[in-house]
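From just these sequences and the hints, can you work out the full model?
Residue numbers (my numbering), protein chains in the order written: chain A, 329 to 610; chain B, 1233 to 1539.
You may find that some hints are simply not true.
[Unchecked claim] Restraint ranges, calculated between C-beta atoms of paired labels, are given here:
| hint | chain 1 | residue 1 | chain 2 | residue 2 | range |
| --- | --- | --- | --- | --- | --- |
| 1 | A | Ser388 | B | Asp1300 | 57 to 67 Å |
| 2 | B | Arg1269 | A | Ala522 | 22 to 32 Å |
| 3 | A | Pro519 | B | Val1399 | 32 to 42 Å |
| 4 | A | Leu398 | B | Glu1397 | 18 to 28 Å |
| 5 | B | Leu1457 | A | Thr367 | 46 to 56 Å |
| 6 | B | Lys1430 | A | Pro519 | 46 to 56 Å |
| 7 | B | Asp1274 | A | Leu515 | 35 to 45 Å |
| 8 | A | Leu469 | B | Asp1274 | 29 to 39 Å |
| 9 | A | Tyr353 | B | Leu1520 | 33 to 43 Å |
| 10 | A | Trp385 | B | Asp1274 | 34 to 44 Å |
| 11 | A | Leu515 | B | Pro1446 | 22 to 32 Å |
[Said to hold, decoys possible] Not everything, but these chain A residues come out facing chain B in the computed CB check (under 10 Å):
| hint | residue |
| --- | --- |
| 12 | Trp344 |
| 13 | Leu434 |
| 14 | Val541 |
| 15 | Ala562 |
Calculated directly from the structure, the hints in this document are not laboratory data.
Cβ atoms here follow ideal geometry from the backbone N, Cα and C, with glycine treated the same way.
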Amino acid sequence: MRAISRFLQAHLGRFWLLAVYLFLYAPLIFLVVFSFNSTRQDGVFTGFSLRWYSALWADSRLVDGFLLSLKVALLTGTLSAVLGAMAAFVMVRYERFRGRPLFVGLVNAPLIMPEVIIGLSLLLLMVAVQRAVGWPERGLLTIVIGHTLLGMAYAAVVIQSRLREVDRSIEEAAMDLGCRPLQVFFLVTLPSIAPAMVAAWLLTFTLSFDDVVISEFLSGPGVTTLPQVIFSYARRGINPSIYAAATLLIAVVSLGILAYSLHEARQHRQRLREARAALQAR
Amino acid sequence: MKTALALKFKPGRRFVIGVPFVWLAIFFVLPFLILLRISITDMGGGVDPFAPLIDSAGGAWRFIFKYDNYAAIFRDAGLGQTIYMEAYKTSLKYAFFTTFFCLLIGYPFAYFIARARPSIRPALLMLVMLPFWTSFLLRVYAWKGILADQGVINNALMALGLISEPVVMLYTDVSMLVGMTYVYLPFMVLPLYATLVKMDFRLLEAAHDLGASPWKAFWLITVPLSKAGIVSGAMLVFIPSVGEFVIPSLLGGAENIMIGRVVWDEMFSSNNWPRASALAVVMICLILFPLALYYHYSAEPRTQAAD
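See the structure below:
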């Protein structure tokens, strides 16, 4: 008994981590495995087949939804990264201006507000505007606005944390050497927050590509994003085509992350080499 | 410290503050005002929800305020409790238990990551974030296949001979709480980790040297020091859970109706926009206090950084 409890105490951390990671990854493993299942049955793996992948291309709703989602996500990612960078710049660099607490509160609010409320209130705004001026129709534009409202908040968080680490003495040096403020921004500040802007772009692209609730409120008749199509299939029951779509998505994401970490590792090694060379030179 | 860059950048400064501010005013603040305004109109008799609130007919100005939508939420003719009240209660119940389970699973998890070797911490954190980058909808959908009567768990348990009949898990409290805990767990883990990793673990050694049991040291030192993380994590889970819409639609049964679903139905099935708006306004009131808590505790790191 004592031995067991001592063993548990020594390895509890590892067990807990392992169990939670298993919990986090179980659905992903499930999706990948059962996308290759030969029958519709979802509890037993009856045999290997690619039939759900070929069914995927034949489904025009899924393909159309995919194309629309791609457009929406590209626009959302770009708009969010730009607006988020501006908001982050304001929050980090402008310590005092009237309305700063309100500004900070507003930028962060969409992060935590239930999406149903965001969707509903934005829909009411769009309807009111459309009645007044006859524009915009509910569709691509309204969905992008809704997603960007959320995306800007996420982008601001990501870019903000990078911006805090930027060494301001370099900016000051550039200014001492005669750079105008705009030049300083584009030649020094922007390049140093560029990686964070790329990360923010990717994150908001992903969020937009995945959003159901806001799209459900803001899309019009005949305009459905990929998650909306998946959502309507999912409510009807099991459809392994969806598993196949999920597996493709997981493959794309994993490849992206693998490429990114290889790139990071190489840069890290290079920085180490340079640091060592610099030390030896002294 | 005020930078020269910020000072010399006057017209640019106005532009950089102005653009996000105007964007948020138009697409975040204004919609809320419209929501409030529509919630006090009456749907009966073909009234236009966007009709002006000020009525000047007959020479006298009159402010039209209909509280029928709010009244309908709280009292129903003789039935005691409205479906709306039921839905609010269900939402709060699931939000509470989701927060509880996220804390129960997430606290030790964040603690063990924070105490892992510094070299492997980034990788461990990365593993928490990774599922985030694949579709939330698809991951929730997968639980349907895992928890179904003929699903993976039931089939495995029956194959092992542990049970003879499937255990019903899908469309019950079990599937709801598994799904919600699963989705919101990272929101709990990240703020907890952020506070735990900054903690000075030598304090625990000091407590040990002074004769405190590990358990006592945990409650007297670790928990109070991670309070900010606990509160902001709990609020990051609780607040969006109240309005959760997708998970109850996929994993919930007929009796697990949450308020997000009811708002949706009033809006698109009954076409009762004022009622949907009033329901949303009451939902906002329910999360006001948690929101204030969240802002209070998540604002702290910044003031520390400024010191």
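Of the numbered hints stated previously, which ones are contradicted by the structure, given in increasing order? 1, 2, 3, 4, 6, 7, 10 and 11
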